Amino acid sequence: MDYLIMKLRTINRRGHRGSRRGKGELFSATSAETSASSAVKFFLFAALLCLINAPTQAQEPSPTPSPQQQTLSVPSVATDYRANPNKPLPSLNRIGVDMAEQKPLALREAITMALQNNKDIEVARDNVKIAEYDLLTVHGAYDPKFSAQSYYERIKTPAASFLSGATGAVETADFTATSRLEGLSPKGGGNYRVDFSAVRATTNNTFTALNPQYPTALTFNFTQPLMRGFRIDLPRRQIEVAKKNLSLTDAQFRQRAIEVITSVQRSYWDLVFALRNLQIQRKSVQDARTQLEHNRRLVAEGQLAPIDIVAAETQLANFEQAEFTALEDVTRAENNLKNLVAEDQHSPLWNVSVVPTDDVDLTPPQASLSDAMKAATENRQELKQSDLAREINLLDQKLYRDQTKPQIDLVGTYGVVGNAGTLTSAVSPFSLTTIQLVTRVNQLSALAGLPVLPPTPTTSIPSNL
37 MDYLIMKLRT INRRGHRGSR RGKGELFSAT SAETSASSAV KFFLFAALLC LINAPTQAQE
97 PSPTPSPQQQ TLSVPSVATD YRANPNKPLP SLNRIGVDMA EQKPLALREA ITMALQNNKD
157 IEVARDNVKI AEYDLLTVHG AYDPKFSAQS YYERIKTPAA SFLSGATGAV ETADFTATSR
217 LEGLSPKGGG NYRVDFSAVR ATTNNTFTAL NPQYPTALTF NFTQPLMRGF RIDLPRRQIE
277 VAKKNLSLTD AQFRQRAIEV ITSVQRSYWD LVFALRNLQI QRKSVQDART QLEHNRRLVA
337 EGQLAPIDIV AAETQLANFE QAEFTALEDV TRAENNLKNL VAEDQHSPLW NVSVVPTDDV
397 DLTPPQASLS DAMKAATENR QELKQSDLAR EINLLDQKLY RDQTKPQIDL VGTYGVVGNA
457 GTLTSAVSPF SLTTIQLVTR VNQLSALAGL PVLPPTPTTS IPSNL
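Just so you know, we're using my numbering here: the sequence shown kicks off at 37 and counts up by one.
A portion of the hints provided could be inaccurate.
Simulated crosslink set (DSSO-like; lysine-lysine; CA at most 27 Å straight-line) [said to hold, decoys possible]:
no., residue 1, residue 2
1, K223, K280
2, K280, K434
3, K279, K165
4, K181, K223
5, K155, K279
6, K165, K280
7, K410, K279
8, K280, K441
9, K155, K280
10, K420, K410
11, K434, K420
12, K223, K279
13, K223, K434
14, K165, K420
15, K223, K441
16, K420, K279
17, K155, K165
18, K410, K280
19, K434, K279
20, K139, K155
21, K319, K139
22, K155, K420
23, K181, K279
24, K420, K280
So the derived label-pair ranges between C-beta atoms look like this [said to hold, decoys possible]:
no., residue 1, residue 2, range
25, R130, Q301, 18 to 26 Å
26, L143, Y228, 57 to 65 Å
27, Q322, Q301, 31 to 39 Å
28, K223, L172, 13 to 21 Å
29, Q433, T259, 21 to 29 Å
30, D323, I343, 16 to 24 Å
31, L143, F360, 25 to 33 Å
Please keep in mind that the hints were generated in silico from the structure rather than gathered at the bench. These numbers were taken from a predicted model, which means no experiment stands behind them. Backbone N, C-alpha and C define an ideal beta-carbon position, used for all residues, glycine too.
Turn these sequences into a full structure, and let the hints guide you.
So this is what it looks like as structure tokens:
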């Protein structure tokens with residue numbers, strides 16, 4: 037490029053030299069030289085431009101198309117096929133559903149069926165009953181307990197002395213019956229106990245005044261704790277926990293019922309929306325077909341281009357696809373509602389078409405923010421469950437804190453005993469000697485003028501019996 041610039045400068049100098057030639061030269065020669073100089077300048081200027089653009093073009097070489105980048109043509113298939121322009125509207129039939137048999141269903145009826153047939157509701161209802169029986173069970177800790185037993189005992193003991201009361205062996209036979217009534221006090225943590233016993237005893241012992249005899253005993257006992265167990269004990273803790281569990285299961289039952297009702301309402305209105313959307317999409321298909329026929333008439337009259345027919349056909353195909361999608365949404369929404377309200381898989385409701393009958397109420401509820409928050413706080417079952425769980429933990433803390441106190445009890449006991457039986461006619465071996473001594477003393481006393489002694493009893497029975 038520098039060479040060309042120098043060449044241009046040389047040509048300019050030559051032009052100036054030619055202009056300084058003599059005035060006697062011919063005008064034609066001057067004109068010819070000027071034309072030749074201009075042609076050379078133009079040629080050199082064009083060559084200069086080509087040299088300037090050459091590096092730029094060298095930096096950006098034209099890409100060579102690779103075999104993978106070559107555009108492949110779509111093969112032609114089914115060249116004689118054409119869509120039927122007069123085909124009917126898409127069918128509304130669904131597999132497993134008799135469209136001729138329709139089931140009108142109100143929202144309240146759907147909620148009632150769901151609450152009756154929902155298995156989770158049944159489980160929650162049974163849990164409430166179980167909690168009620170648990171509360172009744174723990175209250176049984178304060179029911180008085182009565183126990184009784186009886187037994188027969190016969191003992192034969194060899195006698196080695198006449199003081200044993202029998203010759204050879206002393207035989208004793210006892211029939212004993214005992215009973216006990218005991219229980220807990222619902223207040224204060226005290227406990228009571230009443231014991232009663234009765235015995236029928238027979239023996240061959242000669243020293244026994246009553247044979248058979250019936251000794252009895254009755255005892256009252258009451259224990260009142262003063263420190264540990266006075267304010268709370270295990271039975272009272274179990275009763276309070278059972279009450280909380282009953283309230284907890286009731287809250288869980290209410291929560292599950294609210295969830296089922298909410299799901300039924302949502303599924304019910306989803307079905308209403310899906311059916312309404314299907315009506316709209318089906319009307320859109322009809323309008324699109326009318327528009328297609330209108331475009332065909334205008335194309336036949338020359339008022340529209342043939343491409344407008346293709347556009348109308350494309351729009352019709354889109355609306356038909358939207359109608360099939362809406363029909364699928366109806367099936368899905370109806371199955372969701374049936375799954376909530378049907379009793380089981382064999383319910384006749386699965387084979388019919390469900391038609392919602394409730395009107396849409398668009399009236400917004402009138403409630404302030406504070407009232408809405410207050411109602412939400414009072415009716416949220418999750419908050420109630422959390423409060424009940426916290427109260428149960430507080431009861432456990434109260435019981436365990438009470439167990440750290442010393443055990444100090446006030447105990448009171450009162451008892452009575454008694455005995456009865458048949459008097460024996462046997463004479464005591466000690467009475468014979470005593471009678472002889474008393475008789476001799478009385479004889480001597482009579483000789484001496486002294487008063488005589490009273491006669492000695494021949495048995496060992498006390499005078500108070």
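Tested hints:
{"no.": "1", "hint": "K223 x K280", "result": "holds, 20 Å"}
{"no.": "2", "hint": "K280 x K434", "result": "holds, 15 Å"}
{"no.": "3", "hint": "K279 x K165", "result": "holds, 12 Å"}
{"no.": "4", "hint": "K181 x K223", "result": "holds, 18 Å"}
{"no.": "5", "hint": "K155 x K279", "result": "holds, 25 Å"}
{"no.": "6", "hint": "K165 x K280", "result": "holds, 14 Å"}
{"no.": "7", "hint": "K410 x K279", "result": "holds, 26 Å"}
{"no.": "8", "hint": "K280 x K441", "result": "holds, 26 Å"}
{"no.": "9", "hint": "K155 x K280", "result": "holds, 24 Å"}
{"no.": "10", "hint": "K420 x K410", "result": "holds, 14 Å"}
{"no.": "11", "hint": "K434 x K420", "result": "holds, 21 Å"}
{"no.": "12", "hint": "K223 x K279", "result": "holds, 17 Å"}
{"no.": "13", "hint": "K223 x K434", "result": "holds, 16 Å"}
{"no.": "14", "hint": "K165 x K420", "result": "holds, 19 Å"}
{"no.": "15", "hint": "K223 x K441", "result": "holds, 18 Å"}
{"no.": "16", "hint": "K420 x K279", "result": "holds, 14 Å"}
{"no.": "17", "hint": "K155 x K165", "result": "holds, 15 Å"}
{"no.": "18", "hint": "K410 x K280", "result": "holds, 23 Å"}
{"no.": "19", "hint": "K434 x K279", "result": "holds, 16 Å"}
{"no.": "20", "hint": "K139 x K155", "result": "holds, 23 Å"}
{"no.": "21", "hint": "K319 x K139", "result": "holds, 24 Å"}
{"no.": "22", "hint": "K155 x K420", "result": "holds, 23 Å"}
{"no.": "23", "hint": "K181 x K279", "result": "holds, 24 Å"}
{"no.": "24", "hint": "K420 x K280", "result": "holds, 11 Å"}
{"no.": "25", "hint": "R130 x Q301: 18 to 26 Å", "result": "holds, 24 Å"}
{"no.": "26", "hint": "L143 x Y228: 57 to 65 Å", "result": "holds, 60 Å"}
{"no.": "27", "hint": "Q322 x Q301: 31 to 39 Å", "result": "holds, 32 Å"}
{"no.": "28", "hint": "K223 x L172: 13 to 21 Å", "result": "holds, 20 Å"}
{"no.": "29", "hint": "Q433 x T259: 21 to 29 Å", "result": "holds, 26 Å"}
{"no.": "30", "hint": "D323 x I343: 16 to 24 Å", "result": "holds, 20 Å"}
{"no.": "31", "hint": "L143 x F360: 25 to 33 Å", "result": "holds, 28 Å"}
In summary, the structure agrees with every hint in the numbered list given earlier.
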